[in-house]
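Peer 1: Sequence:
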Amino acid sequence: MHIAVVIYDRCQFKKCNYECRTYCPPVRMGIDTVVITEKGYPRIIEELCEGCGICVHKCPFDAIKIIGLPEELKEDLVHQYGENGFRLYRLPMAQKDKVVGLLGPNGVGKTTALNILSGNIIPNLGNYEREVKWDEVIEHFAGSVMAEYFSRLRDGDIKTALKPQYVDKIPRVFKGKVKDLLAKVDEKGNIDEISSLLGIENTLNREVANLSGGELQSIAIAATLLKDADVYFFDEPSSYLDIFQRLKIASIIRELSKKNMVFVVEHDLAILDFLTDVIHILYGSEGAYGIVSQIRATRNAINAYLEGYLREENIRFREWKIEFIEHPPKKRMELPTLIKWPYMEKKYRDFLLEIYPGEIKIGEVVGVVGPNATGKTTFVKILAGVLKPDKGNIDESIKVSYKPQYIKPEFDGTVEELLILSLKDRLNNGFFKAEVMHPLGIKYLLHKDVQSLSGGEMQRLAIALCLGLDADLYLIDEPSAYLDSNQRMIAAKVIRRVMENTGKSAIVVDHDVYFIDIISDDVMVFRGKPGIHGIGKGPFSMREGMNLFLKDVGITFRRDKDTRRPRINTPGSYADREQKAKGEYYYS
1 MHIAVVIYDR CQFKKCNYEC RTYCPPVRMG IDTVVITEKG YPRIIEELCE
51 GCGICVHKCP FDAIKIIGLP EELKEDLVHQ YGENGFRLYR LPMAQKDKVV
101 GLLGPNGVGK TTALNILSGN IIPNLGNYER EVKWDEVIEH FAGSVMAEYF
151 SRLRDGDIKT ALKPQYVDKI PRVFKGKVKD LLAKVDEKGN IDEISSLLGI
201 ENTLNREVAN LSGGELQSIA IAATLLKDAD VYFFDEPSSY LDIFQRLKIA
251 SIIRELSKKN MVFVVEHDLA ILDFLTDVIH ILYGSEGAYG IVSQIRATRN
301 AINAYLEGYL REENIRFREW KIEFIEHPPK KRMELPTLIK WPYMEKKYRD
351 FLLEIYPGEI KIGEVVGVVG PNATGKTTFV KILAGVLKPD KGNIDESIKV
401 SYKPQYIKPE FDGTVEELLI LSLKDRLNNG FFKAEVMHPL GIKYLLHKDV
451 QSLSGGEMQR LAIALCLGLD ADLYLIDEPS AYLDSNQRMI AAKVIRRVME
501 NTGKSAIVVD HDVYFIDIIS DDVMVFRGKP GIHGIGKGPF SMREGMNLFL
551 KDVGITFRRD KDTRRPRINT PGSYADREQK AKGEYYYS
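Here the sequence shown stands for residues 1 to 588, numbered as in the working numbering.
Just so you know, these hints were derived from the structure itself, not from any lab. Please note that the accuracy of each hint is not assured.
Here are the computed lysine to any residue pairs in the SDA-like style, where the Cα-Cα straight-line distance is at most 25 Å [stated by the list, open to error]: (1) K408 / G119; (2) K65 / M93; (3) K169 / N106; (4) K258 / S196; (5) K381 / P530; (6) K580 / I532; (7) K408 / N393; (8) K98 / T111; (9) K493 / L423; (10) K399 / S454; (11) K65 / G40; (12) K424 / P409; (13) K184 / G119; (14) K184 / P171; (15) K443 / A471; (16) K340 / R543; (17) K248 / K493; (18) K15 / M1; (19) K408 / N372; (20) K408 / K391; (21) K433 / K443; (22) K133 / V231; (23) K529 / N106; (24) K14 / K340; (25) K321 / K493; (26) K133 / P171; (27) K65 / S454; (28) K248 / Q294; (29) K537 / G572; (30) K493 / E313; (31) K529 / K408; (32) K259 / G107; (33) K188 / F141; (34) K529 / I420; (35) K399 / G358; (36) K408 / K258.
For each label pair, taking beta carbons as the anchor points, the in silico distance ranges come out as [stated by the list, open to error]: (37) G176 / A142: 21 to 27 Å; (38) R349 / R152: 49 to 55 Å; (39) D395 / D230: 56 to 62 Å; (40) E312 / V386: 49 to 55 Å.
C-beta atoms are modelled at their ideal positions from N, C-alpha and C, and glycine is treated no differently.
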């Protein structure tokens, strides 16, 4: 069995000669395998397609995918978006008293699966040309637990609550104060209790339009918890949050699962590991199809995902492994200094940032960790020359390349035009093309308008633009935001390889511990009282810095014995108590 997919947001039919139709062997024999629709897009008739893949290679915009799939998957098709649209095969299983995780790259159907299980989408079972009724769906799943689940969903015996993925869209659909938004969805009558639990009491009287990303995420989670539901769905609940907030949310969701069914999509693997009991891996091809694997215990699922291989199903869904290597610390004293800074202060009306003396060595990558609103971004802006400290000064003679935390696409044109304008001759550099452009998948974005890019696409482009500039110091603020777990690991390795091969230095701010673990030689630690007083110290060695940081958080990490990935110890467990007694919060 093979499927044909046209990715419409890549297709630029006005700029091509319909190579997909021109070079198609059946078309050249008089068989209308590829036809042109009224809107101008190509339409591939799968029943007539030979699966040769010539159209895939001839398309100048990589907008066509012809994929061979096992014949037995025909019976497992759950939902299809149009004739040459995305297809989802199989569904996650509902589990009582457990948090079920969904793990996989963007574009393989995680959000679609949540929308089906929450009742927002009735799965069409591949019948995209007509409306499918719940009775057909229930009959299709007859004999399985999902038949009973969908029966109860149809009859209204199951109530669901879904926290959406894109919380930054909330201000577009709701105008007013936070308390009014929460009152509108409150079905339990405990706004005060939930607000206190999430620490959002001070935002209740603020306008939704004025909230930060982290505040919007907390409000979205509060709104979901206030609904009186039987099944709760959380789509990427950790985005924009620091590790303190992520652990708090994880604990709340785990407590919720004792009485309710809970599904979670999450890309922070450390939090997913801590949060879930079991996991479904979703794999496939972005924008083309997704397959839901059988359910696995959390540790086994994450390890299989990192390996890229499902042993029980004999499926290799990724050609390379995600590896964690305990790289020996560089001897900082032997490395020449790139930049030093003295004690510095930056004052705002209600906030004071203190930065203690430190230095960055040539050729090292320094991770920056700490709670939100303690001055990490302010420090990076000072190094970038965007802000001036009120006390102390910075050497402005070194060349700096800066990727800000919040990326606003202001360029009016295509990605290719922006790259040519910004990087010029750098685009022809073999190392840059092989080690930055290719792994970040920039070639798939070249013909897209910058204004139309998704959050993840914009992030990948911003990282490429930052690394493409000739600089001594690269300042990269929250590069993992919007990226799936695959893309995060790729981005981390791209940044690290660039620094290792060019002898340049980087400072990277991020909240994903896996990301920091892969990328960093040393770490800076920010502490203090969020929004009032921030203190930045370091760089420290990874061991010393992470011990300081995790002691503040109150958790300990160990390394998985098979993959060497960081894992959060269960609070109060023997390993947790033993490591805390030794003062070793970051691996025993």
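Peer 1: Within 25 Å, alpha carbon to alpha carbon, are K424 and P409?
Peer 2: Answer holds: K424 to P409 is near 19 Å, not above 25 Å.
Peer 1: Holds or violated: K15 with M1, Cα cutoff 25 Å?
Peer 2: 31 Å, violated
Peer 1: Starting from K408, check that the Cα of K391 is at most 25 Å away, please.
Peer 2: Roughly 30 Å separates the two Cα atoms, so the pair is violated.
Peer 1: Are K184 and G119 close enough, with their CA atoms no more than 25 Å apart?
Peer 2: Answer holds: K184 to G119 is near 21 Å, not above 25 Å.
Peer 1: Given the hint of 21 to 27 Å, is the C-beta distance from G176 to A142 inside that range or not?
Peer 2: 46 Å, violated
Peer 1: Decide if the proposed pair is consistent with the structure: K65 and G40, CA atoms, cutoff 25 Å inclusive.
Peer 2: 18 Å, holds
Peer 1: Are the Cα positions of K408 and K258 separated by 25 Å at most?
Peer 2: Cα-Cα ~41 Å, so violated.
Peer 1: K529 and K408 were given as a pair; does the straight-line alpha-carbon distance stay at or below 25 Å?
Peer 2: Since the Cα atoms of K529 and K408 sit roughly 29 Å apart, the hinted pair is violated (cutoff 25 Å).
Peer 1: Quick one, are K258 and S196 close enough, alpha carbons at most 25 Å?
Peer 2: Cα-Cα ~21 Å, so holds.
Peer 1: Against the 25 Å threshold, does the CA-CA distance of K340 and R543 hold or violate the hint?
Peer 2: 22 Å, holds
Peer 1: Taken at face value, is the distance from the CA of P171 to the CA of K184 at most 25 Å?
Peer 2: Holds, at roughly 15 Å.
Peer 1: K65 and M93: Cα distance at most 25 Å?
Peer 2: Not satisfied, since the Cα-Cα distance of roughly 29 Å exceeds 25 Å.
Hints 1, 2, 6, 7, 10, 17, 18, 20, 23, 24, 26, 28, 29, 30, 31, 32, 33, 34, 36, 37 from the earlier list are contradicted by this structure; the remaining hints agree with it.
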